[in-house]
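**Q** Those sequence lines, one after another, are chains A and B. 75 is the number that this note's numbering gives to position 70 of the first sequence; each next residue is one higher, with no gaps. 699 is the number that this note's numbering gives to position 701 of the second sequence; each next residue is one higher, with no gaps.
Don't read these hints as lab results, they were simulated from the structure. The C-beta atom is built at its ideal place from N, Cα and C for all residues, glycine as well. Warning: the hint list may mix true and false statements.
[Claimed, not checked] To give a feel for the contact side, a few chain A residues facing chain B, derived at Cβ under 7 angstroms:
id	residue
1	34
2	35
3	65
4	84
5	85
6	107
7	131
8	141
9	144
[Said to hold, decoys possible] Chain B stretches covered by chain A per the calculated footprint, using a threshold of three residues with CB under 8 angstroms from any CB of chain A:
id	stretch
10	321 to 334
11	503 to 509
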Amino acid sequence: MKVDMKVNGRAVSGEVEGRTLLVDFIRQTLRLTGTHVGCDTSQCGACTIHMNGEPVKSCSVLAVECEGAEITTIEGMANADGSLSTMQAAFQEHHGLQCGFCTPGMVMAATALLKENPSPSEAEIRHHLEGNICRCTGYHNIIKAVQAASGQDVQPVAAE
Amino acid sequence: MPKDGGIGASSKRREDIRFLSGTGQYTDDINLHGQAYAYFLRSDVAHGKINGIDTSAAEGMPGVLRVFTAKDFDGVGGIPCGWQITSIDGQPMQEPKHPILAEGKVRHVGDPIAVVVAESLAQARDAAEAIMPDIEDLPAVMDMKAAVQEGAPKVHDDLTSNLCYDWGFVEDNREAVDQAIKDAAHVTTLELVNNRMVANPMEPRVAVGDYAAHSGESTLYTTSQNPHVIRLLMGAFVLGIPEHKLRVVAPDVGGGFGTKIFHYAEEAFCTFAAKQLRRPVKWTSSRSEAFMSDAHGRDHVTKIELALDADNNFTALRTETYANMGAYLSTFAPSVPTWLHGTLMAGNYKTPLIYVNVKAVFTNTVPVDAYRGAGRPEATFQLERVVDKAARELGVDPIALRRQNFITEFPYATPVAVEYDTGDYHATMDKVLEVSDHAGFEARAAESKKNGKLRGYGIAHYIEACGIAPSNLVGQLGARAGLYESATVRVNATGGIVVMTGSHSHGQGHETTFAQVISEMIGIDADQVEIVHGDTARTPMGMGTYGSRSIAVGGSAMVRAAEKIINKAKKIAAHLMEASEGDIELKDGAFTVAGTDKSVAWGDVTLAAYVPHNYPLEDIEPGLEETAFYDPANFTYPSGGYACEVEVDEETGRVEVMGFTAADDFGNVINPMIVEGQVHGGLAQGIGQALWENCAYDEDGQLISASYMDYAMPRSTDLPMFKVDHSCVTPCTHNPLGVKGCGEAGAIGSPPAVINAVIDALHRGGYDVPHINMPASPDRVWAAMQGAKANMGAAQPAARSTDTAEGRSV
Ligand code: FES
Ligand code: FES
């Protein structure tokens, strides 16, 4: 069946099966490979995207459910001039990523948090990111990146 | 003042731009024209005889190109093992065949039985469901001690038993150790388990095979930490493809932690099938498949005995370990419980006599191999737990007992065949106590008590061996590979530099740190330096990344190649400035003649090398490209003091980590930001092992922790902010950068610190609990408290007893 949606501001359409997951539509049909698949039980958050402004695990949504939806993926997060968004830049500045595999999902989840709660505490950030697993960073620098992106003071890296 | 470039600067990572913008190129992001999809049908029983596999229905399903079973691999070799261990009796280890698809028997849940290749993944998966394997259940071999008894069912019928090897180290010390234990004033005995782990890099494994009929060349894109190793193993031993007809590419790789070192059946399958079908063939592991097909880690059951004299000096150490190999030998599996474990049993201590015995056992479980730390966490856990237990038994301070026995003179030759070049264990101990505010602990404990919680403080001090390894030494120890590293430094005509390294980065940030080193050596901007890795067609033969070896071995190779470049460039500069070569200096990207104001820029020299009009052609060749292979003279020995503070809830047994401090000595550091990140990640994995993670099997060999629902990965809410320090520096004495490596330390030092803290908390609450096996989950902690109340404690063998209880870690 055919499905139409808006992805990163662009109207797209494609043929899908009823069982096609949104993440597969994004990765296979649209070839937007920044969104990752880290599990098959909806528990790692690597596939997190924004659907109509809300963070959603795209492995737990069917493509056909997204008819008419506005989807944003990591590829749509940069500023209009192509520079990294505040959140993306904070992840680089505070070394909030290593292998980069969880990173798109983390950035999407963290960006959504700041929309809701512009100045979250450490505990609030940890709570909000509980559904996003990172195996590399131990979360320490991710927390700092999110605090920094929200304009809160954090210690610079490597001087603590 | 922190530097803003070169060695020692916290340079921001250049690779982050692509990862943050979604333009990274991981293996699953590679889609080749006309690719077909492979789906593996895997055994759902642990042990069974294959009476037949009916694939006829599957073959007729829509989109199916071909169904493969073991009989399709005539003339194809098994997956080879890269390390041979010799038993005490002089016999080589037992080495079973590891076929690409199960032959005759299935030997673990997840053992592949058949593969469907189809036009789409959904079609392949649907067809796999129509395959009818006729498998007769056999009893699962799970308990290691039972498995080596006479008459036990065998995992491999063609082997004499389930014992892979029985290794003694150092055999010449055995009698003296036995005697010292008999003569000791005090012996502390501890039986413990090092629980089975699943590495779980967030990127599951992927393989894409391709075959170019016009050139006869095969290409494999794979999630590997060491593409050259895969090319050699798969080409030479499995598929019979010479290296010049085989290219292996490991592009961006989403974490490895050891489990992506090894050569896997799926890689060989996709390469093989692509040639058979003349179509690219892609396989992407699901997470569920990863749990039952990625090599697992750890899984040791150990009894350790520490002998002390009347003054509490350590006089001897004896260990007996059962190490689970799983159903087949993974690539480096035999080396982990032996050379990567036994050689570290001295720890930071001057124990004069040590004997280590390891029995490696086949069971009906997923193969076990290196996982972050590989052998060294197992050694450290035993040692740091037994020392803590000894302190408690003797009524002395565990920190003082450690200090009293610390090695203080370097180089130090241990009784387990290695020589530590440098270290200062008192310094790292001082530092960890300071940074963790050990002095303020009692006040915090009192505060916790007011809130109804038991607070504990646990310390551990570790040593590890990184920078693996001197090739001639590991050759004697049974390695079937060399462990040098390589680098080619190519200087382009306009002065830019490309470094092609045999190391591989899968999160470590080599593209940034390696460029920092070159930038420092030449004095040009790091932006002018490109680091290429992960492609056998573009990099010299190198051994890849594991064992915290990249900067110590790969970085050293790069330095050696850059030194050759600088020497040649100086000759060219001398010619251009009509000066003597000995007077030329290179600084800040310019060559000068000592004592004059003559100068020529880096770019002028590099241009002259490729446009050699005014050039000493009679003395040197044009061009500026050099390769170096660096073989380390010794291992490197990072060390450090780790402190963990926990609160235990008496009502529930739940442990919360309140603080964690790591004070490491990594020698010189290239990029402090990246080093700290490596420690954070290691700590999360080590704390995860200590408190939550556990790969569990039931008695029938069913894997019961096969998804993130059942395998407890550390999440953001589980961990505290860490305090990490690397200001204690004793540079490595035998490599050019004075570096030691930092990738595994966090995972090595942290588990004993956590368990020591839990035990401390329980004792402060009046519970006499000698030990709790990892993971110290609420049910185990609670049960231990109840056992202590009933004066049962956790079962532990009596001192000097010969029998032990545990045969399974899982
Ligand atoms: S892939 Fe969607 S949550 Fe893991
Ligand atoms: S950066 Fe590797 S999983 Fe998060």
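**Q** Next step is simple, just say for each hint if it's right about the structure.
**A** Right, here's what the structure says about each hint:
Checking residue 34 (chain A) against chain B by beta carbon gives a least distance of about 11 angstroms; that is not within 7 angstroms, so the hint is violated. Given the 7 angstroms rule on beta carbons, the hint for residue 35 (chain A) is violated: about 12 angstroms separates it from the nearest Cβ of chain B. Annotation: residue 65 (chain A) was flagged as interfacial toward chain B, and the flag is violated, the nearest CB pair being 13 angstroms apart, outside 7 angstroms. Interface hint status for residue 84 (chain A): violated, as the beta-carbon distance to the closest one in chain B is roughly 11 angstroms, over 7 angstroms.
Checking residue 85 (chain A) against chain B: minimum C-beta separation of about 14 angstroms lies over 7 angstroms; hint violated. For residue 107 (chain A), the shortest C-beta to C-beta distance to chain B is roughly 5 angstroms, which falls under 7 angstroms, so the interface hint holds. With 7 angstroms as the threshold, the beta carbon of residue 131 (chain A) comes within range of chain B, its nearest partner Cβ sitting at about 4 angstroms, so the hint holds. Residue-level restraint check for residue 141 (chain A) holds (minimum Cβ-Cβ distance to chain B is 5 angstroms; threshold 7 angstroms).
Interface hint at residue 144 (chain A): satisfied, since its Cβ lies 4 angstroms from the closest Cβ of chain B, which is below the 7 angstroms cut-off. Counting residues of the stretch 321 to 334 of chain B whose beta carbon lies closer than 8 angstroms to any beta carbon of chain A gives 0, which falls below the threshold of three, so the coverage claim is violated. Here the stretch 503 to 509 of chain B counts 4 residues with a CB under 8 angstroms from a CB of chain A, which clears the bar of 3, and the coverage holds.
Violated hints for the displayed structure, listed by number in ascending order: 1, 2, 3, 4, 5 and 10.
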